[in-house]
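**Student:** Chain by chain, the residues:
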Amino acid sequence: MSFITLENVSMTYGSNGTRTTALSGVSLSIGEGEYAVITGESGSGKSTLLCLLGGLQLPTEGRISISGTDLSTFSADNLAGFRGRTIGFVFQAYHLLPYLTARENVMVPMAIDKKSSREKIERAYTLLESVGLSGKEERLPSQLSGGECQRVAIARALVHDPPILLADEPTGNLDSATGDQILDLFSKLHGAGKTILMVTHNRWNIERGTRSVLLRDGRIAEDNPLRPVHRASRPAVPAQAGG
Amino acid sequence: MNIRKLAWKNLFRRKSRAVFTGLGIFLGIGTFVAISSITMRMEGAVRDKLDKFGANILVTPRTEQLSLGFGDISLGGTQVAHARLTGEDERSIRSIALSDRLRMVVPYFLTAADTSGKNLVWMGIRPKDIVESRPWWKVQGAELSAPGEILLGSEAAVALDKGPGGTVESGGKTFRVAGVLQPTGEKEDGMIIAGLDDVRLLAGSPDGVTFFEVAALCKDCPVEGIVAEIGTKLPGAKVSAIRSVVESRKAAVDQFRRLGFGVSAIVLTIGGLMVFVTIMGNVQERTREIGILRAVGFRKRSIRALLFWETGWIALAASVSGGILGSVAAFAGAPLFGAERGRIEVLPILVGTAIGLALGLLGTLPPSRRAAALSPTEAIRSL
Ligand SMILES: Nc1ncnc2c1ncn2[C@@H]1O[C@H](COP(=O)(O)OP(=O)(O)OP(=O)(O)O)[C@@H](O)[C@H]1O
Ligand SMILES: [Mg+2]
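Here the protein sequences line up with chains A and G, keeping their order. Sequential numbering from 1 applies to the first sequence in the working numbering. Sequential numbering from 1001 applies to the second sequence in the working numbering.
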């Protein structure tokens, strides 16, 4: 059964005078445990697709559902709650809050949770350890390297243990060696059962996925399975390979 | 980490902005507290001054034919001698339940007597009462200090052609002129002022009182109550409040209060607008941050709560510190405004803090709505 479904989704920005159609008639079905790598030229609608999937905005046409729930049935606040539980976002520019330490940044999504601060802190430590940042918990983003910042952002995306990770060019700001390490991390998470949709410019990264989707002018130009998906399969590329 | 702490962190990160946001409230509340403290003190000062100024209640014999406004007194020879009030009545007046509000109870005795060949009115008053009941008298020469001494009203002095050190004859006795009153514009200008007992003796009415002047301390102005009480104690007397005194006093104090409120209202409005403008700018500046928070699952109301906590902290700090500053300024400045001694008034600080908080939160209302309405995608894209 497909986990994420887009049916005939279109997205148009702006009003009459300055209309831009970012996506038109996109239908896509992604199964649980897939690792879809989305590529395409600049302006082809990749980020728009991720924003729609994450419920950050609603499509002008079509239907998006995640594990059977139509996103358009949510109120804005419920959608935010759903997003917090179900989806982890990772951005190219990390989007950490500069005035918070690594640990505090990881704790931000938990700010609205009714957990004790002790639990929250422990969760943050665990996550930072899992992305390889032990000992750097109290550093500010300005005191971390780009790769380390992206690890913090990934840890933050994992706070509520969401089944889906959406990553928009997570290695775009990093050199290739550092980028590889981040991709290793994603592979590891995929191996642990996460469904991942990653936008990338780098053709080499495509091999990491189980599926490759090419967008062109807001439409799906190519959609190729790369290898079969095994739920909670072993990582195709060993997690420590690049490290 | 919770929203409160996140707000707190944010404040420390943008210290200068926080300070600027708070400045409006700080100055507004500071001014409000300073003005209201000073007005309170001034109100007190104005009140005290007005209270010191003469009497506000007059006690006269009900059956007395005389009109006793001094002015219209037509004291025909010995006719006045049978005043129905006596020295005993002073004790009755002083025994009312509201007696702690009585600043003074002054008995007067008036009589007309032949004085060195001229028919003049004598006013008897206890010398020690003069200071309180006629504080505006200016005496050229000496005050009354011993029996047998008199003061001459300015016109009486001219009529008798006497000055300090001179003597006059009346009722077979010789009185020494201690001093002469400078013109007051009142009827006492034509009178002779002497000790109460001297005048009583002259009229052959040893315990007589023509009228009492009573001054009530007008804190909450229980004049009506005092009038009623004295009336019960002295059924034979006519007790009346001197309206003009009471009313003009109230008017002066009220005017003060209105001025204070007016200025405070203006200052507070400006403070509220400053909060609104700075928070609005703040939201614009933080579009991206708000987008990130929305992306990680913050609901609209969490965003609103975040902004409210931020301004809440600022407003609290600003209004408390503004309140303290205002109080200190009022304390130091009170003497300049006629209050004798400054005092820290607690009420304005409490009211000021409450208003400051309310202003801060009110000023945050529109920006927080705006922030919550921001689309997270546009926020994230605005790089
Ligand atoms: N908020 C917006 N308002 C108007 N047009 C927009 C908006 N966001 C995106 N677009 C337009 O929609 C189209 C798709 O944008 P999108 O950001 O999805 O492309 P992309 O594939 O992510 O590009 P890139 O590789 O450069 O990140 C572009 O033509 C862009 O100009
Ligand atoms: Mg993009």
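No wet-lab data here; the hints were simulated from the structure. Take the hints with a grain of salt, since some may be wrong.
[Said to hold, decoys possible] Heads up, simulated SDA-like pairs for lysine to any residue below, C-alpha to C-alpha not over 20 Å straight-line: (1) G:K1015 x A:P98; (2) G:K1300 x A:R203; (3) G:K1015 x A:L97; (4) G:K1300 x A:F74; (5) A:K115 x G:K1238; (6) A:K115 x A:P98; (7) A:K188 x A:A177; (8) G:K1238 x G:P1061.
[To be verified] Just a sample of chain G residues kept apart from chain A, beta carbon distances all over 10 Å, derived: (9) V1019; (10) P1061; (11) T1086; (12) P1147; (13) L1201; (14) G1297.
[To be verified] Restraint-style ranges between C-beta atoms, simulated for each label pair: (15) A:G135 x G:R1013: 38 to 44 Å; (16) G:F1261 x A:S142: 33 to 39 Å; (17) G:L1361 x A:L140: 26 to 32 Å; (18) G:R1013 x A:T69: 53 to 59 Å; (19) G:R1013 x A:K114: 36 to 42 Å; (20) A:K115 x G:L1259: 32 to 38 Å; (21) G:R1013 x A:K115: 20 to 26 Å; (22) A:S142 x G:L1336: 49 to 55 Å; (23) G:V1263 x A:K114: 31 to 37 Å.
Ideal placement from N, C-alpha and C gives every residue a C-beta, glycine not left out.
**Student:** All hints are to be evaluated individually against the structure, with a verdict given for each.
**Tutor:** Hints, one by one, checked against the model:
A distance of roughly 15 Å separates the Cα atoms of G:K1015 and A:P98; the hinted pair therefore holds under the 20 Å criterion. For the hint linking G:K1300 to A:R203, the alpha-carbon distance of about 38 Å lies beyond 20 Å, and the restraint is violated. Taking the CA atoms of G:K1015 and A:L97, the gap is about 16 Å. The hint holds against a cut of 20 Å. Restraint check for G:K1300 and A:F74: the C-alpha separation of about 14 Å stays at or below 20 Å, so the hint holds.
Between A:K115 and G:K1238, the direct Cα distance comes to roughly 78 Å. Violation of the 20 Å bound is thereby established for this hinted pair. For the hint linking A:K115 to A:P98, the alpha-carbon distance of about 24 Å lies beyond 20 Å, and the restraint is violated. Between A:K188 and A:A177 the CA atoms are separated by roughly 17 Å; this keeps the pair inside 20 Å, and the hint holds. For the hint linking G:K1238 to G:P1061, the alpha-carbon distance of about 6 Å falls within 20 Å, and the restraint holds.
No Cβ of chain A comes within 10 Å of the Cβ of G:V1019; the nearest lies about 16 Å off, and the non-interface call holds. Every Cβ of chain A is farther than 10 Å from the Cβ of G:P1061; the closest lies at roughly 81 Å, confirming the non-interface assignment. Residue placement check: G:T1086 keeps its beta carbon more than 10 Å from all beta carbons of chain A (closest about 82 Å). Every beta carbon of chain A lies more than 10 Å from that of G:P1147, the smallest distance being close to 87 Å; the non-interface claim holds.
Annotated as non-interface, G:L1201 keeps its C-beta farther than 10 Å from every C-beta of chain A; the closest such distance is 91 Å. With a least beta-carbon separation of about 2 Å from chain A, G:G1297 fails to lie farther than 10 Å from that chain, contradicting its non-interface assignment. Checked against the hint of 38 to 44 Å, the C-beta distance between A:G135 and G:R1013 comes to roughly 24 Å, which is inconsistent with it. Checking the proposed 33 to 39 Å range against G:F1261 and A:S142 shows it is violated: the Cβ atoms sit about 50 Å from each other.
The hinted window of 26 to 32 Å between G:L1361 and A:L140 holds, with their beta carbons roughly 31 Å apart. At about 37 Å, the CB distance of G:R1013 to A:T69 disagrees with the hint of 53 to 59 Å. Evaluation of the 36 to 42 Å hint for G:R1013 and A:K114 yields a failure: the beta carbon distance comes to about 26 Å. Distance hint check for A:K115 and G:L1259: the Cβ-Cβ separation is about 55 Å, which falls outside the suggested range of 32 to 38 Å.
For the hinted restraint 20 to 26 Å between G:R1013 and A:K115, the CB-CB distance of approximately 24 Å keeps it satisfied. Take A:S142 and G:L1336: their Cβ atoms lie about 51 Å apart, and the range 49 to 55 Å holds. Evaluation of the 31 to 37 Å hint for G:V1263 and A:K114 yields a failure: the beta carbon distance comes to about 47 Å.
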